[in-house]
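My numbering applies: residue 11 is where the sequence shown begins, and numbers increase by one.
It is worth saying that the hints were derived from the structure and are not from the lab.
Glycine included, C-beta positions come from ideal geometry on N, C-alpha and C.
The reader is advised that the hints may include incorrect statements.
[Claimed, not checked] List time: in silico DSS-like cross-link candidates among lysine-lysine, alpha-carbon distance up to 25 Å: (1) Lys-75 - Lys-50; (2) Lys-30 - Lys-17; (3) Lys-64 - Lys-95; (4) Lys-212 - Lys-164; (5) Lys-66 - Lys-95; (6) Lys-75 - Lys-95; (7) Lys-64 - Lys-50; (8) Lys-50 - Lys-95; (9) Lys-164 - Lys-216; (10) Lys-30 - Lys-64; (11) Lys-66 - Lys-30; (12) Lys-75 - Lys-64; (13) Lys-224 - Lys-212; (14) Lys-95 - Lys-30; (15) Lys-75 - Lys-17; (16) Lys-17 - Lys-64; (17) Lys-66 - Lys-17; (18) Lys-50 - Lys-30; (19) Lys-75 - Lys-30.
[Unchecked claim] With beta-carbon atoms standing in for the labels, derived distance ranges: (20) Gly-67 - Gln-231: 51 to 59 Å; (21) Pro-28 - Ile-61: 14 to 22 Å; (22) Lys-95 - Gly-169: 55 to 63 Å; (23) Asp-84 - Phe-199: 38 to 46 Å; (24) Phe-128 - Arg-195: 20 to 28 Å; (25) Asn-168 - Leu-88: 48 to 56 Å; (26) Met-11 - Ile-181: 21 to 29 Å.
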Amino acid sequence: MITGEQKPIDEIREMIAPYKRILVLGCASCVAECAAGGEKETAMLASTLRIAAKMKGEDVLIEEKTLDRQCVRDFVILLDDIIEKYDAVLSLGCGAGVQAVAEMFTEVPIIPAINTEFLGETRDQGYWLESCLGCGDCMLHHFGGICPVARCSKQLFNGPCGGAMDGRCEINPDVECAWHLIVDRLTKFGALDRLENIYPPKDWSKKQGGGPRKIVREDQQK
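Construct all of the structure, not just a fragment, from the sequences and the given hints.
Right under this line is the structure:
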């Protein structure tokens, strides 16, 4: 899941200041799950902006709408009949959603209301943990389902650094040592011998450096 956090209200108001007719656009997918950009958060932000504008004596139209997903054209096209009403769209989608809407409606500024954070998992109510960097070459099998790229503070591939204490990270004691978790997990699986392999440095070209990555599935295309 892509996680995000809403930008400070002062920053948002500064970005939308030049515009008089604004659509606050939510996304009912990932950012709804992390309580940053779903229908509820969209309504709250729109209301906050209307109140702020009224207190400042600003003549601004602020309306709201939430799409199922902002990163899928089949949903974004639903804006086609209303987009002309607005000078700008304030998007509560992730960075991918903002760009997808901007690519489809090039005549209207699409303004991000969210800082996109990381790929993560919901650990508990109100608690999300980064667990994947989208490196393009998943190695979870070798490390018992614990990713040293995302979860080791030093991104070590061939064993712990030696500075961890009581299963906590040397850099941040609030963080579990990823290698402590890896060793425990592989021990349970009877697969500790996987750590006898020497893993080379990560090939980061699979993540970045060649422009935007893409996936093409011809069997899914019409």
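Return holds or violated for the Cβ distance of Lys-95 and Gly-169 against the range 55 to 63 Å. Roughly 59 Å apart at Cβ, these two residues keep to the hinted range, so it holds.
Can the restraint linking Lys-30 and Lys-64 be considered satisfied, given a maximum Cα separation of 25 Å? holds (13 Å)
Hint check: Lys-75 vs Lys-50, CA-CA at most 25 Å. Holds or violated? holds (11 Å)
Holds or violated: the 14 to 22 Å window for the beta-carbon distance between Pro-28 and Ile-61? holds (20 Å)
25 Å limit on alpha-carbon distance, applied to hinted pair Lys-212 and Lys-164: holds (13 Å)
So does Asp-84 sit 38 to 46 Å from Phe-199, Cβ to Cβ? holds (41 Å)
Does Lys-30 sit within 25 Å of Lys-95, going by the straight-line distance between their CA atoms? Since the Cα atoms of Lys-95 and Lys-30 sit roughly 10 Å apart, the hinted pair holds (cutoff 25 Å).
Holds or violated: are the alpha carbons of Lys-75 and Lys-95 at most 25 Å from each other? holds (13 Å)
Assessment of proposed distance window 21 to 29 Å (beta carbons of Met-11, Ile-181): For Met-11 and Ile-181 the Cβ distance comes to about 25 Å; the hint holds.
Given hint Lys-216 paired with Lys-164 - CA-CA distance at most 25 Å: holds (20 Å)
Within a Cα-Cα threshold of 25 Å, do Lys-66 and Lys-30 meet the stated pairing? With a Cα-Cα distance of about 14 Å, the restraint between Lys-66 and Lys-30 holds, given a limit of 25 Å.
Pairwise hint evaluation, Lys-17 against Lys-66, where the allowed Cα distance is 25 Å at most: Roughly 20 Å separates the two Cα atoms, so the pair holds.
Hint compliance for this structure: no hint is broken.
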